[in-house]
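Visitor: As a plain string of letters, each chain reads:
There are 2 protein chains.
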Amino acid sequence: MNQPIGIFDSGLGGLTVLKALAQKFPGESFCYVGDIARLPYGNKSPETIRKYGVQILDYLKRENVKALIIACNSASTVFLNEKHYQGLPLLNVIGPGSRAALAKSADKRIAVLGTSATIRSGAYGKTLRQLDPSAMVIERACPLFVPLAEEGMSADDITLAVARRYLQDIKDQAIATVVLGCTHYPLLKADILKALTPTTQLIESGEVLAEELSQLFAAGELRPASPGSVGELRIKITDLTDHFERLALQLMHPLSIGPLERIVL
Amino acid sequence: MNQPIGIFDSGLGGLTVLKALAQKFPGESFCYVGDIARLPYGNKSPETIRKYGVQILDYLKRENVKALIIACNSASTVFLNEKHYQGLPLLNVIGPGSRAALAKSADKRIAVLGTSATIRSGAYGKTLRQLDPSAMVIERACPLFVPLAEEGMSADDITLAVARRYLQDIKDQAIATVVLGCTHYPLLKADILKALTPTTQLIESGEVLAEELSQLFAAGELRPASPGSVGELRIKITDLTDHFERLALQLMHPLSIGPLERIVL
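So the protein sequences, as listed, match chains X and F.
Residues 26 to 290, numbered by the numbering used here, are exactly what the first sequence covers, in order.
Residues 26 to 290, numbered by the numbering used here, are exactly what the second sequence covers, in order.
For chains that are exact copies, the list does not tell them apart, and a pair is met inside one copy or across any two.
Listed next, the in silico DSS-like pairs over lysine-lysine satisfying Cα-Cα at most 27 Å (straight line):
1. 133 <-> 108
2. 261 <-> 76
3. 108 <-> 49
4. 76 <-> 86
5. 108 <-> 151
6. 219 <-> 133
7. 44 <-> 91
8. 129 <-> 108
9. 129 <-> 196
10. 219 <-> 196
If you are wondering where the hints come from, they were derived from the structure by calculation, not from laboratory data.
Start from the sequences, fold in the hints, and give me the full structure.
Guide: Set out below in structure tokens:
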């Protein structure tokens, strides 16, 4: 097996990121940790989120990964300014997501949707305004989106009603670029686009991290897998129920994954 | 301070139980632990729930409590048959809730609402049928109720739509006795009654545990606080955010509580 890239999330939402990366870099191996036993991170304090994050980064380092990716937006907010962790390249989703949003927005009016922790941190707003002081940013907490996504309630009247309540004024202001600042939110893309307008440009963590990883390879800061190699995907979670096993298979389809492995942190 | 009674829940929902007990037994002191850093328990495996539960029971024992109450229904399912923990009386909510439901139901047709973990365990159904083999029991997982309650979305159109989806067939079958098998659910009582019928008899954990505690005192199995004493309420949580501090004050109103104390387990 190639030396893998480590990636973590509070739960399985980050598999939307893993899938995007595995499809873009089929030669790379990935080791994913989903901290299901302690999810969601989105309503926890920064101190607690950091403590859990450090435990997982340490775990991934012991698994001999060559780089570390924090797929979880809530966790990214507490590692925002750290480019390395114990000598390994460390990527978070906030910076790349912000750069992608600015690149795709014509009028620099951007909305960011996230968990309570992500929005409370103001990390996206600060990053976007640092990158472009003229940017106009609306940050909106959407705390029910994670449980709705975990219940598989996409393309659902109730989810649409929740989305309309969270997003009506973003639609009214005709904001055309919206950052999905949580790995679960791509699962509710249909409802979010319906509550906004179908032409809204959605920025997803998986795509922006794939782009970021490309740049690390191109800049020689990270060595790609040797040519012709076939990557492996290992998924480790801190709790295991049938529900999560099924959800993981759905999220990763059509990619094949081995059995989920339960770990204790 | 009197020797307190220990009580724990996965989060702050159990404060509905603490409040009922503190109002019924104003001379008793209570030490409450809410495991906010790791909530919700309702979608975790029995092994993980038990591990967390044991950590909290051990903590409460070190706090010199005279009895232990598991307010959390999900945690109660994994301690269902244990009447003592390291020599201390141990109460869970499933047995008392089942007895109360049977006592109040004329036709022995009972619905139980709970988290995925509580319903998956089948603990209420088994207990009810052991107590009365003629009982007809419907168990229904309502996984979105906890996040809706935590978001303060009671008496809300979205919550009512969710309640109608979960409860329509219980209403159609005219089931008159419904166990609120999660400490958060009393917070959504208005919506639940509207989705059912206003005359539905709801069984709440707080009331049934108050009755259970009365019986322990009456049977001499637990010594009550000395006459004339004034109880104290201590609330300890494993994570602390402003949101939870406000929620705790709301839930305990009009009772006064000291500042929330953060503990590490």
